[in-house]
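Chains F and G, in that order, are what the protein sequence lines are. According to my numbering, the first sequence is numbered sequentially starting from 45. According to my numbering, the second sequence is numbered sequentially starting from 45.
Mixed in with the good hints, there may be bad ones.
If chains are identical, the list can't say which one is meant, so a pair holds when it fits in one copy or spans any two.
The calculated DSS-like cross-link candidates involving lysine-lysine, where the alpha carbons are at most 30 Å apart (straight line), are [to be verified]:
1. Lys314 with Lys355
2. Lys355 with Lys263
3. Lys313 with Lys263
4. Lys185 with Lys313
5. Lys185 with Lys280
6. Lys314 with Lys185
7. Lys314 with Lys280
8. Lys263 with Lys160
9. Lys280 with Lys160
10. Lys280 with Lys313
11. Lys160 with Lys355
12. Lys185 with Lys263
13. Lys160 with Lys313
14. Lys355 with Lys280
None of these hints come from the bench; they were simulated from the model. This structure is a prediction, so every number in the text was calculated from the model and none was measured.
Each chain, letter by letter, is given below.
There are 2 protein chains.
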Amino acid sequence: MTAAVLSIGTELTRGELVNSNAAWLGEQLTALGFEVREHVSVGDDAEQIGAALRRLCEGNAVVVATGGLGPTSDDLTAEAVARCIGVALSRDDASYEHIRRLYASRGRELAGLSEKMADFPEGATIVANPVGTAPGFGVEKAGCRAFFLPGVPAEMQAMFREGVVPAVASLGQRDSHQVHLRLFGLPESQVGERLRDVEGQYEGVTLGYRAHFPEIEVKVHARAASGAEAEAQARKAADAVRALLGEAVFGDRDDSFASVVGQALRDRKKTLAVAESCTGGLVGAMLTDVPGSSDYLLLDAVTYANSAKTKVLGVGQDVLRAYGAVSSETAGAMAEGARRVAGSDLAVAITGVAGPGGGTDDKPVGTVWFGVASDAGTVTLRHHLHGDRARIRQRAAYVALDLARRVAAGLDPAGGPAAATCQEVRGNGAHGNGAHCNGAHGNGDPAGGDSEG
Amino acid sequence: MTAAVLSIGTELTRGELVNSNAAWLGEQLTALGFEVREHVSVGDDAEQIGAALRRLCEGNAVVVATGGLGPTSDDLTAEAVARCIGVALSRDDASYEHIRRLYASRGRELAGLSEKMADFPEGATIVANPVGTAPGFGVEKAGCRAFFLPGVPAEMQAMFREGVVPAVASLGQRDSHQVHLRLFGLPESQVGERLRDVEGQYEGVTLGYRAHFPEIEVKVHARAASGAEAEAQARKAADAVRALLGEAVFGDRDDSFASVVGQALRDRKKTLAVAESCTGGLVGAMLTDVPGSSDYLLLDAVTYANSAKTKVLGVGQDVLRAYGAVSSETAGAMAEGARRVAGSDLAVAITGVAGPGGGTDDKPVGTVWFGVASDAGTVTLRHHLHGDRARIRQRAAYVALDLARRVAAGLDPAGGPAAATCQEVRGNGAHGNGAHCNGAHGNGDPAGGDSEG
Numbered sequence: 045m046t047a048a049v050l051s052i053g054t055e056l057t058r059g060e061l062v063n064s065n066a067a068w069l070g071e072q073l074t075a076l077g078f079e080v081r082e083h084v085s086v087g088d089d090a091e092q093i094g095a096a097l098r099r100l101c102e103g104n105a106v107v108v109a110t111g112g113l114g115p116t117s118d119d120l121t122a123e124a125v126a127r128c129i130g131v132a133l134s135r136d137d138a139s140y141e142h143i144r145r146l147y148a149s150r151g152r153e154l155a156g157l158s159e160k161m162a163d164f165p166e167g168a169t170i171v172a173n174p175v176g177t178a179p180g181f182g183v184e185k186a187g188c189r190a191f192f193l194p195g196v197p198a199e200m201q202a203m204f205r206e207g208v209v210p211a212v213a214s215l216g217q218r219d220s221h222q223v224h225l226r227l228f229g230l231p232e233s234q235v236g237e238r239l240r241d242v243e244g245q246y247e248g249v250t251l252g253y254r255a256h257f258p259e260i261e262v263k264v265h266a267r268a269a270s271g272a273e274a275e276a277q278a279r280k281a282a283d284a285v286r287a288l289l290g291e292a293v294f295g296d297r298d299d300s301f302a303s304v305v306g307q308a309l310r311d312r313k314k315t316l317a318v319a320e321s322c323t324g325g326l327v328g329a330m331l332t333d334v335p336g337s338s339d340y341l342l343l344d345a346v347t348y349a350n351s352a353k354t355k356v357l358g359v360g361q362d363v364l365r366a367y368g369a370v371s372s373e374t375a376g377a378m379a380e381g382a383r384r385v386a387g388s389d390l391a392v393a394i395t396g397v398a399g400p401g402g403g404t405d406d407k408p409v410g411t412v413w414f415g416v417a418s419d420a421g422t423v424t425l426r427h428h429l430h431g432d433r434a435r436i437r438q439r440a441a442y443v444a445l446d447l448a449r450r451v452a453a454g455l456d457p458a459g460g461p462a463a464a465t466c467q468e469v470r471g472n473g474a475h476g477n478g479a480h481c482n483g484a485h486g487n488g489d490p491a492g493g494d495s496e497g
Numbered sequence: 045m046t047a048a049v050l051s052i053g054t055e056l057t058r059g060e061l062v063n064s065n066a067a068w069l070g071e072q073l074t075a076l077g078f079e080v081r082e083h084v085s086v087g088d089d090a091e092q093i094g095a096a097l098r099r100l101c102e103g104n105a106v107v108v109a110t111g112g113l114g115p116t117s118d119d120l121t122a123e124a125v126a127r128c129i130g131v132a133l134s135r136d137d138a139s140y141e142h143i144r145r146l147y148a149s150r151g152r153e154l155a156g157l158s159e160k161m162a163d164f165p166e167g168a169t170i171v172a173n174p175v176g177t178a179p180g181f182g183v184e185k186a187g188c189r190a191f192f193l194p195g196v197p198a199e200m201q202a203m204f205r206e207g208v209v210p211a212v213a214s215l216g217q218r219d220s221h222q223v224h225l226r227l228f229g230l231p232e233s234q235v236g237e238r239l240r241d242v243e244g245q246y247e248g249v250t251l252g253y254r255a256h257f258p259e260i261e262v263k264v265h266a267r268a269a270s271g272a273e274a275e276a277q278a279r280k281a282a283d284a285v286r287a288l289l290g291e292a293v294f295g296d297r298d299d300s301f302a303s304v305v306g307q308a309l310r311d312r313k314k315t316l317a318v319a320e321s322c323t324g325g326l327v328g329a330m331l332t333d334v335p336g337s338s339d340y341l342l343l344d345a346v347t348y349a350n351s352a353k354t355k356v357l358g359v360g361q362d363v364l365r366a367y368g369a370v371s372s373e374t375a376g377a378m379a380e381g382a383r384r385v386a387g388s389d390l391a392v393a394i395t396g397v398a399g400p401g402g403g404t405d406d407k408p409v410g411t412v413w414f415g416v417a418s419d420a421g422t423v424t425l426r427h428h429l430h431g432d433r434a435r436i437r438q439r440a441a442y443v444a445l446d447l448a449r450r451v452a453a454g455l456d457p458a459g460g461p462a463a464a465t466c467q468e469v470r471g472n473g474a475h476g477n478g479a480h481c482n483g484a485h486g487n488g489d490p491a492g493g494d495s496e497g
């Protein structure tokens with residue numbers, strides 16, 4: 045069965061708003077087994093709304109529309125639909141009472157234009173709004189079911205789940221299944237290269253890629269005679285994908301990288317401290333985005349100025365003078381200082397040149413040193429990251445979180461899929477001291493896995 | 045003149061990708077004076093691409109399409125367009141050479157499917173790709189000009205600017221002008237209330253609102269007989285809007301809140317330290333997103349654990365025991381500690397309950413204390429912020445930045461548009477000591493300006 049998404053609002057056609065509703069609905073309808081053939085956005089114009097609805101209804105079993113249900117004069121959806129299917133508008137008393145009570149609770153009276161939120165095309169099925177004011181509705185036109193929901197994402201999503209899914213779920217063909225894997229540390233071309241043969245080996249399986257910088261999501265899509273067969277086939281192929289990509293796969297669809305890192309710390313009862321320079325708080329913001337992160341994150345010292353590195357983390361002024369803020373020595377001392385000050389089990393540090401200014405021949409923009417300190421000693425790693433300031437910062441935050449995850453799990457800090465261009469073991473580590481660098485200081489390693497960032 | 049946007053790709057119809065390209069093109073075409081009537085997204089299907097193109101070309105002077113120009117088997121745009129306008133595909137030698145050289149620079153050979161990136165409908169105008177591999181093209185069909193660009197945003201945008209704008213700019217009607225103002229601290233309903241009479245007072249002016257949580261953007265759109273008249277009228281109305289909204293307006297379209305705060309610090313040669321708890325690094329991440337922020341930001345201490353508040357910032361264990369981490373006393377001590385440790389001119393601190401856990405009757409989720417320390421003494425403010433964890437954290441970060449901006453500019457810290465529910469002046473301030481709270485501790489103030497967050 046096919047479906048279409050119709051988005052209503054001049055703010056969309058003028059590009060004042062990115063249409064995330066359409067993507068959300070496309071994903072939901074696809075998951076329900078529909079082939080989504082088209083998304084259309086039109087402005088607040090009754091004629092255009094009607095024309096789009098008529099056309100989409102002719103070619104599809106289900107149309108889900110959003111927008112134009114509010115109280116202002118440019119909210120024209122109910123009127124346009126009534127005209128399109130040739131009926132009058134009529135007031136729904138229960139909806140009127142719902143809106144009146146909501147208004148009263150805010151000390152407002154329901155009057156004037158706002159009343160029309162309770163008017164629907166005759167014969168329409170009302171879709172209740174559990175989280176907001178304007179109800180939605182559904183109509184049938186020559187075998188096509190069309191639903192009209194508000195444009196506010198939270199309202200639209202709740203109403204779709206509660207009012208639309210039960211009505212259309214039986215129409216979708218449940219002959220497909222998707223498994224999503226999230227990964228970090230491999231460039232997209234290498235991912236594609238490693239997975240080259242999977243589609244040929246698993247019948248009915250197609251792979252899709254989606255970059256959420258700096259992550260990549262691999263979608264394993266299987267189609268088979270039944271939903272159960274498709275699911276089994278998708279799972280088998282996903283296992284093969286996991287085996288081919290190794291440690292780069294950190295979780296599935298609903299895992300954030302920070303939540304996976306947090307879980308690794310929590311599982312092993314390890315506490316963490318962070319010392320940031322060029323990432324400026326990004327690592328802390330990612331970690332603390334996860335509820336309960338106070339269980340393992342003790343401190344994030346964003347020591348942007350050299351004086352702060354010295355005063356807060358105890359990085360020697362002689363170290364900063366001799367090697368500079370962006371150096372193996374400073375990164376190691378920052379990690380050790382953060383661990384000491386916070387009294388944590390482990391600490392990671394980031395110091396680098398995010399640009400656009402500040403680069404030198406020796407330390408070009410994108411040069412980032414990482415340090416990780418734990419009972420096992422201190423290790424520092426240098427990466428050469430590509431892209432603009434925002435991308436360098438984001439990727440550096442991920443590399444730092446990956447380091448924390450690896451050390452918490454007792455893995456080799458330098459064994460991650462994102463290759464460092466230099467590595468030094470410092471302090472009392474079991475690995476012994478020594479530096480291992482690929483290429484000269486200051487030269488990016490093109491094989492370093494970051495060039496497609 | 046009217047225009048339409050066509051987006052090609054099954055990843056769009058399936059909702060795997062939010063269609064930000066369409067919004068960008070809608071905005072650009074609107075700015076060029078076109079009325080953008082419709083956005084359409086279709087999957088990678090030559091028949092659907094052709095049908096959509098035919099229909100959009102019939103009703104519009106310009107169609108801009110993106111996607112489907114790459115090297116893989118599902119990239120069908122050129123083929124679909126050729127079939128739609130009834131011509132054959134033919135190879136463009138200059139494009140072939142461009143692609144061959146790019147491939148060679150990456151050590152790859154141009155062969156197989158990739159070669160088709162140099163094939164275009166006969167008679168098409170090539171649109172060069174200055175930043176990537178696949179060139180685009182333009183065709184004319186019965187007076188409609190259609191352009192086909194890659195889906196990669198950076199490539200699409202550069203090619204639109206360099207290859208499409210010069211060809212279509214003369215078609216747009218330059219009879220309108222927009223001014224964008226960005227604001228923070230007023231709920232949307234209050235903004236609407238204050239600006240209620242503007243549209244009536246300025247002929248041809250319409251106002252639009254766009255929420256980028258927790259900011260609001262007000263768009264002043266003017267239409268007049270000429271572009272110059274429209275611009276003058278938009279500027280007059282924008283001045284009126286600025287006067288009505290006061291300090292809540294922090295900048296225009298291209299200003300980020302953090303850049304405005306940074307400029308306020310830079311202008312007055314002030315340095316800043318930050319102490320974060322519940323925001324977990326967000327304030328630092330926002331500030332350091334601005335190049336050159338190391339000129340004024342010395343330190344951001346994300347002291348998530350109480351022990352870190354004590355060790356790094358010197359917050360007394362007795363203070364934490366007696367008043368708790370979320371208190372006026374702790375917020376004040378954090379700000380003073382951060383200022384002392386960093387040696388900065390001023391410091392702001394944030395400590396609160398972001399949820400979903402951790403709330404109590406006394407300090408429910410959303411209770412956030414802010415502290416600001418400077419030569420003028422220390423002031424603390426309590427806010428009750430609404431929404432989920434992410435929203436509480438984001439709004440708290442903005443309130444803290446606003447505090448820094450106000451104190452740097454010598455303004456009353458509590459005079460911001462986002463009303464605090466409690467305020468205490470501590471230490472050696474000129475305002476004298478004392479607490480001023482609205483409502484009992486722990487009760488949100490519904491008039492506090494945050495309820496529509």
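For each hint, the structure was consulted:
{"no.": "1", "hint": "Lys314 with Lys355", "result": "both (26 Å within a copy, 19 Å between copies)"}
{"no.": "2", "hint": "Lys355 with Lys263", "result": "neither (48 Å within a copy, 46 Å between copies)"}
{"no.": "3", "hint": "Lys313 with Lys263", "result": "neither (33 Å within a copy, 51 Å between copies)"}
{"no.": "4", "hint": "Lys185 with Lys313", "result": "neither (60 Å within a copy, 67 Å between copies)"}
{"no.": "5", "hint": "Lys185 with Lys280", "result": "neither (42 Å within a copy, 49 Å between copies)"}
{"no.": "6", "hint": "Lys314 with Lys185", "result": "neither (60 Å within a copy, 66 Å between copies)"}
{"no.": "7", "hint": "Lys314 with Lys280", "result": "neither (34 Å within a copy, 60 Å between copies)"}
{"no.": "8", "hint": "Lys263 with Lys160", "result": "between (43 Å within a copy, 26 Å between copies)"}
{"no.": "9", "hint": "Lys280 with Lys160", "result": "neither (53 Å within a copy, 34 Å between copies)"}
{"no.": "10", "hint": "Lys280 with Lys313", "result": "neither (33 Å within a copy, 61 Å between copies)"}
{"no.": "11", "hint": "Lys160 with Lys355", "result": "neither (63 Å within a copy, 60 Å between copies)"}
{"no.": "12", "hint": "Lys185 with Lys263", "result": "neither (35 Å within a copy, 38 Å between copies)"}
{"no.": "13", "hint": "Lys160 with Lys313", "result": "neither (57 Å within a copy, 55 Å between copies)"}
{"no.": "14", "hint": "Lys355 with Lys280", "result": "neither (54 Å within a copy, 51 Å between copies)"}
In the structure shown, a violation is registered for the earlier hints numbered 2, 3, 4, 5, 6, 7, 9, 10, 11, 12, 13 and 14, in ascending order.
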